[in-house]
Every structure is written in structure tokens, then in C-alpha cells.
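Novice: Sequence:
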Amino acid sequence: MLHLPPMKTHPVFPIAQDEPARRRFLKLMAASAALAGAGCSGPPGETIVPYVTMPEQGVPGLPMFYATAFVRNGLAHGVLVESNMGRPTKVEGNPDHPVSAGATDVFAQASILQLWDPDRSQAVFRGEEMATWGAFEAALQARRPRFERDGGAGLRILTGTVTSPTLAAQIAALKQRLPNLRWHAWNPLHDDGAAHAAQLAFGRPLDPVYRLDEARVVLALDADLFGTLPGSLAHARAFTAPRRLGDAPDANRLYVLEATPTLTGAYADARLARAPHEIEAALMRIAARLGVGADPGRGADATLDRWEAAVVKALDGARGAALVVAGPNVSPAGRALAYALNYALTQRLDGPLAFIEPVERSPLDHGASIAALADDLRAGRVDTLLMLDANPAYDAPADLDFAALLQRVPLAAHLGLYRDETARAAGWHLPMAHCYEAWSDARAHDGTASIVQPLIAPLYGGRSAHEILALLDGAGTRDGHALVRATWGGEDAAWRDSLRRGSVAGSAARPVAVPGARPPGPMSVPAAPPLVALFAPDPAVDGGAFANNAWLQELPRPLTSLTWDNAALIGPATARRLGLADGAVARLRVEGRTVDAPVLVVAGQAEGVVTLPLGYGRRAAGGVGEGVGFDAYRLRTRVSLPALTVERTGRTHDLVVRQKEVDMQGRDPVHIREVARERPAQASMYPEREYKDYKWGMAIDLNACIGCAACTIACQAENNIPVVGKEEVARGRSMHWIRVDRYVAGPRTLFQPVPCMHCEHAPCEEVCPVGATMHDSEGLNVQVYNRCIGTRFCSNNCPYKVRRFNFLQYANQQVESLKALQNPEVTVRRRGVMEKCSYCLQRITRARIEAEKAGRRIRDGEMVTACQAVCPTRAIRFGDLNDPASDVVAAKASPLDYHLLEELNTRPRTSYLRRVLNPDPELE
1 MLHLPPMKTH PVFPIAQDEP ARRRFLKLMA ASAALAGAGC SGPPGETIVP
51 YVTMPEQGVP GLPMFYATAF VRNGLAHGVL VESNMGRPTK VEGNPDHPVS
101 AGATDVFAQA SILQLWDPDR SQAVFRGEEM ATWGAFEAAL QARRPRFERD
151 GGAGLRILTG TVTSPTLAAQ IAALKQRLPN LRWHAWNPLH DDGAAHAAQL
201 AFGRPLDPVY RLDEARVVLA LDADLFGTLP GSLAHARAFT APRRLGDAPD
251 ANRLYVLEAT PTLTGAYADA RLARAPHEIE AALMRIAARL GVGADPGRGA
301 DATLDRWEAA VVKALDGARG AALVVAGPNV SPAGRALAYA LNYALTQRLD
351 GPLAFIEPVE RSPLDHGASI AALADDLRAG RVDTLLMLDA NPAYDAPADL
401 DFAALLQRVP LAAHLGLYRD ETARAAGWHL PMAHCYEAWS DARAHDGTAS
451 IVQPLIAPLY GGRSAHEILA LLDGAGTRDG HALVRATWGG EDAAWRDSLR
501 RGSVAGSAAR PVAVPGARPP GPMSVPAAPP LVALFAPDPA VDGGAFANNA
551 WLQELPRPLT SLTWDNAALI GPATARRLGL ADGAVARLRV EGRTVDAPVL
601 VVAGQAEGVV TLPLGYGRRA AGGVGEGVGF DAYRLRTRVS LPALTVERTG
651 RTHDLVVRQK EVDMQGRDPV HIREVARERP AQASMYPERE YKDYKWGMAI
701 DLNACIGCAA CTIACQAENN IPVVGKEEVA RGRSMHWIRV DRYVAGPRTL
751 FQPVPCMHCE HAPCEEVCPV GATMHDSEGL NVQVYNRCIG TRFCSNNCPY
801 KVRRFNFLQY ANQQVESLKA LQNPEVTVRR RGVMEKCSYC LQRITRARIE
851 AEKAGRRIRD GEMVTACQAV CPTRAIRFGD LNDPASDVVA AKASPLDYHL
901 LEELNTRPRT SYLRRVLNPD PELE
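Residue numbers for the sequence shown follow the numbering used here, so the first one is 1 and each next one is one higher.
Treat each hint with caution, since some may be false.
Unchecked claim - Simulated crosslink set (BS3-like; lysine-lysine; CA at most 30 Å straight-line):
1) 892 with 692
2) 853 with 692
3) 801 with 695
Calculated from the structure, these hints are not laboratory results. If you're wondering where the values come from, they're calculated on a predicted model, not measured in any experiment.
Work the whole structure out from these sequences, hints included.
Specialist: What follows is the structure in C-alpha cells.
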């Protein structure tokens, strides 16, 4: 059982140098500014190639961009990494990558903090004692003669999800030499049901590829297309494209039936929350009414019956352009039924839904694979176990007791970024190189291959999985570059082109020609317990890999606004029935296992379902992540959607929710009218200003915003914004320059990114006694840090509440080595200074200098803010309002354009495009 202590005093950096809180503050802020030992590392030994638009040689003071890939859960996300004088400092999406198309998610943005995290593993360990790479190599080499004799009978390799052609080829070569070697895979977030569903439908495993740009009606059944499913960036971009600027809101319609709130459900035109067994029954009834499978009969839920009838009518009317997506919580038989339904609706499998050969090269059923490994460990059949970038002692099914089984292995070695739970349970721990420190390759969800090229030599002497396997194989080279280069072969020109572009030309998988999907055999509606546990990745820490990332811990979760914690999510009626409220600690029990967890009541949560976010309760994550939240893995076994019992404990836990009020209270900050009101000119006592050169402005399209909060993290990375810790967030002192507000209007969830408005008639400027906040010659509301004396009058007078004050010394400037992550173009603020969004003034300056060198004006699209660049749906537009051909002028010319709190007549430079809805008239 996890003991949840009361909220502690905030670990601030004290004025008194002997105050004990200083040590805790350094641990927390080290991961925010991040970088011990950075000065001891340099560029990688091999030649790395800049992105195609950049010069071969860097100019001191100017950043270089390198195309590479950020690999998460085995899948590649095409990125450009900015390097300042050899220091990677910022991640951008790669516009030439077919999946990312210039966008990233919160994890890719925060990966740069993970690179510089001083809590990363920095040494080889044998048990609790530090060792050397040479000692491990000697221990492994001593076993090689026996491997050769018995064909590797006692040798096991455990990996996560592997899409790397090089890694797969290395393991295949090992298995050919050592035929008794066994390769196992375990990723706690792996979708094991996908391969089973394809096997039922087509007789072989295949990967689905959803093409939302070809769909007019989409039904998502517990499937978070915009969040957790592979290809989420591409899905969000494709579905929102026709809705941008309100151009064609009726071009498509999204129906979502889900058990717990998701980004996809929040954006849906029609959403209904139901338990997983009800979702599966609804799928069966919908399919039967469209001529696929047997009808299980009507339920007693009139609301669901009406909803199903509307969905059937919409799907039937969109034949040829209809798509049904069943998510991981739907059984394999149910998902096979969804494939058959798609075929019935389109009569082809190359439209909105196509199939490709599996991108993953590791075993496709991770649950069965880790169970088989556990059986071998229990039976004493394993002599040597190599665990490459996996943490099964923490996240393996609880009934396997994997940490205890590791004690039975004579040589168990763990390769990882952190000395985590598995590292401490294994006999050996080896520090792993970050994906920005090592050569590798990986594929995206559609099969597109990327070469992962390093930007910096390993900071802490880490090695890649390729190098460890080369050591095991006794290969002639252990050089990662040579291993990856050998995989791809070809001419040097093609290799360099792949490095420049960030993807291998023509590597995307081609759709597989398959016969019509076979409906599964007779299906029955599963019986449902009174309460069911639904395990889900956390929006901020994923499955636990990012638990030590302070940026993500402090990021408000998109649909709960919770920070620095996880909580058991339950619906309002279920909470009333159980006598629980927000912050109440409940004892959760699954098959005799218990854990104590705080409760958060969430509107839109299916009744009878308790969602348990994974990735918390870490016991060995680092100074930021250890002891935060409760460990839901302790309740998770291989049983899907287990029965759950809940007991009150009488205790409470402080949950910090950044935004407590989600009702718009009649002020309508998010406009959802379908037509615009006339905007009459309002008189003002402020003098009018004329801008003859540039006049910067921003338009945020609420029709495209999905609330993912990538803009918040991108801004934090670009502008050296510090984290403040849980207690300071509770006091309302979070420092994010752009927040994403969430509102509930009837059944709909609405999002609104809120940066500084850069008002023409700025209330903040009139009250500053020292002129620290003022207008510049291009209309920006700038903050002069060295003038600010901390009166906070400007913040009090700002109606949008977008100004942030450094109440304490949040930015760690005490340790010289903790500065390598910081953007050298942005001032690091001190205690007592106000700060806010600057429209990325440093980027404007850089673009202006380059344009002046060429003797011209800044072209539209050359100046891109950090929040604009990261957005997967192109919801944010920025540019020169004096350029009539600019993108932002076109957006502001829309009749949907409006200003936040327009009645105050502050005349913001940031405006919004009102949300245009496409409701189903059958459900209104």
C-alpha cells in the first residue's frame, strides 16, 4: 500500500545558504535547467549532417538544426533538433517527415530536458557498487564459449517495442548463430490486441493505418486518435484540416463512445461516456444494423439507443468515406468486427482504412512474451538476461513478481537511461545513451524509416543497445554509426540525403492487398462487474518513462488540469454512491492486491469505471519523480479490465488543479456562435499608434485546437521558463507563458490557448511606475527585466492574467554546469521580476537580421513562434499585420475573428476564431 503524505512545504531556493530546503530545491530545479557535466562532452566522433536548409559549417552565435528522430514506445517521430554551439537546446518538428509534418507532441518537446537530466545514470553498477564497462565486458565474454556450445540455451534478451531495422537485424543474426536464444519484448503500453484482431480478421497480423483526410464520418470506440494511438499527430492534422478557419465545418463529423475523457472525445461532434462492456455491445448492435454480424439485442439505455441510431444513419449515409476505429480496450473479436464493418461500408481496404505489414519487429504479444520469460526465470532456465531499455521490475504485470524473479538469474544486466527499479533489482546496470547521443534507426507508425543521428557525444559515457548487442555477438565493430550504415547500404549520396531530410526516401510501407475482413464468430456481450478498473497512460508521464521530467510533471493535464500527481478518476454518480469527493483517499483492491489512491471526480467519466493513470509511484526515478503519486501497476495483471472494489480510508490528499472553474459563467471567452457579430469601432482615450515597419499579430483558430498543450511545453523550452513545484502551483504561481484553458459548455469540452494578448491599449503599461512594460516600435508589449522592481501592478491590472511573477528564485543559477539546456538568446529571469509571452522576440530579431542581410523584408512564414511551430493542427498563426498577403491577415479577415474580453476595448493583437460546431441534428 502506498502511503500518501500531506503536501509538503514548497522546496524554494532559500536566501539563507544554510537552509536545508536548498538541497531539495537543487534536485528539483536541476531537472528543469538541467545539465551536470555538459561542458565535458562534445560532438559525436562521426560526421553528422545538418538539416537540408542549413549551411555545412555553423556560424558562432547562430543555431544549427539537425534532422533526426525522437523514439518513443519504439516509434520514430521526425524532429529537427536545434544545436547552439554544440549544445542541443530545442526540438522542432521536421516539416519533411510525412508523419510529424513539422509538429511534435509534449513528449518530443520535453525530450531535450530528459537529455540533460542530471539524474540520468552516469556509471556502470554491479549490485550496489560502481563498476566499469571493462568489468561487464569481461563478465559477458566469459559466458560466450558456453553460448557457442549450447546455442545460447540460457540466454534471453528483453527489449521494449522494436521498429529499428538495425536492432532487429542484430538480434536475427544472434539467433542464427545461437538458435536457442530467446527474444522477449515488454512495453506496458503495447497494444497486444491489435495483432490478435488482425489475425482473426485476415489470418495474419497487420497494422491498421487510418487516413482521416479521406473520411467524412468517423466513429471512435474507446480510441484516442488524437492522443495515445500511433500516428496521433497525423490524425489530428488530417481531421482538423477542412475545419480550419471555419471553412468547411460540415466536411466531416466525429462520433466518440468512450469510457474516460480523451482529447479525441473532447473534440468530437457527438460524445457519449459508457463502460467498456457497453461500448462493445454498442459496436455489435451498430454493425448488425449495417448488415455485419448478429444483433445482441436492445439494451435498457434509451440514450445509448438513440445515439446508436444516429451513428448508424451517419455511417450508412457516408458509405465509401466512413471509418470505424476500435481502441485497445475493445476485445480482439470486437476489433475484428470493426474491420469487417469498415469493409462493408467501403467495399475496399485502401480508403479511410488501409493495412500494412507490421512495423514492429519484436514479438507482437508482449503480455505472452513477458509471461513466457517469467516462466523460464521461475524454472531456472535463464542463465543470462540482457534487458535493453525496459523496466519490468516496475511495470510488468503484478502477478509475475518480476523483481523477485530477477534474483534467480546469475547474470542479469539492465541498460537504461536511469538507474531505475529494474536496474536496482538486476545484478548489473549499464548507462544508456540518449537517442540524441547515439546512432540508430527507427520507423514511424506508417513504416517511414528515419536515421537517428546524434547531436552530442554521450554526456555520461552511455552506450546504445546496438553496441551492447555487438559486444554480445563479438562483432568486428561496435561502432553504432558503422552498424546503422551497414544496414542501409547504398551510395554515400543517398545516405547523406537521408540524414539531411530526416527520413529514408520511399521507406513508407505500402498498403497490403487483403481480402475482405472476416467477421468473427458468434460474440456475446461480456458480463460487467459493478466497478471496473481501466488502466491508461498518463498524459504527462506516459507509462512512467517521463516521471522524472519536471516540465511534464508541472504541465496541467489537458482534461483535468491536475499537476504533480495522478488520481483515480471516477464519475460523479459513482463518487456519490461510494461517498467519495475530490482528494479523498480510497483503498483500491483488485484480486487481493491493494493500493491507496486519491480520487478525482471527472465529469464525462463513464459511471462504474475507475481510470487509473499509469507511470507514478516510482521508487527509483530520480529526484523529481520518486514518490510522486500512486503506483497503479501494483494492481495491473494480464487480465484486461478487472473487477475493482473501492473502500474509503477517511484520509485526504492534496490534489493541485490549476484551473478549478470550467464554467464560462455567461462571459463566453470561447465563442461558439456560428455567425459573427458586427464589431463596432469603440472610442478610446488611448492615443492611436502608427506602425510603418512591422506590426506583429497572432490568430488562434479554436476550430483546430485539440487542447494537447504542446504549445505550453514548446514555449517553456524556448524561453527558459522554470518549474516551480507543486506547492507553488497550488498558490497560483505557475510560470507558463501560454496556458490552455478548458471550458465545459453542455456536453462539449472547449479549449482556448491564452498567451499575452499584446494589447494596443495595454492596461499593464499604464500602471508600471518604472516603465518596465511598454510598447516597442512594432507593437509588441515588451517586458524590460532590468527595470522591473516587482510591484506587480501590471499583473493586477491585466484582465487576461497572463503575466508571471518570480516570487522566489525559481531559475537555478547557482551551479554553473546547470546552464547548457538554456536558450542563449533568452534572458534567465531572477527573483522579483515579472515575465510573460514575448511573441518569441528573439526569433523575430533573428529573422530580421537575416532579412536585412539579404536586403529585404521578413517574408511571411519565416518568423514562426515556438507555440505556432509545435502545433499539430496549425491552430496558431503569426505574422506581420502590415503584410496584406500574410497568413495571419487572412485569418483575422475571417468573419469568425473575435477578441477575448472584447468589451474591455484593450484591442489585443492576439485574436481568436470562434468555434463552429457540426452537431448531429438527430442528437441535438
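Novice: All hints are to be evaluated individually against the structure, with a verdict given for each.
Specialist: A quick look at each hint next to the structure:
Between residue 892 and residue 692 the CA atoms are separated by roughly 19 Å; this keeps the pair inside 30 Å, and the hint holds. A distance of roughly 20 Å separates the Cα atoms of residue 853 and residue 692; the hinted pair therefore holds under the 30 Å criterion. Between the alpha carbons of residue 801 and residue 695 the distance comes to roughly 23 Å, so the proposed pair stays at or under 30 Å and holds.
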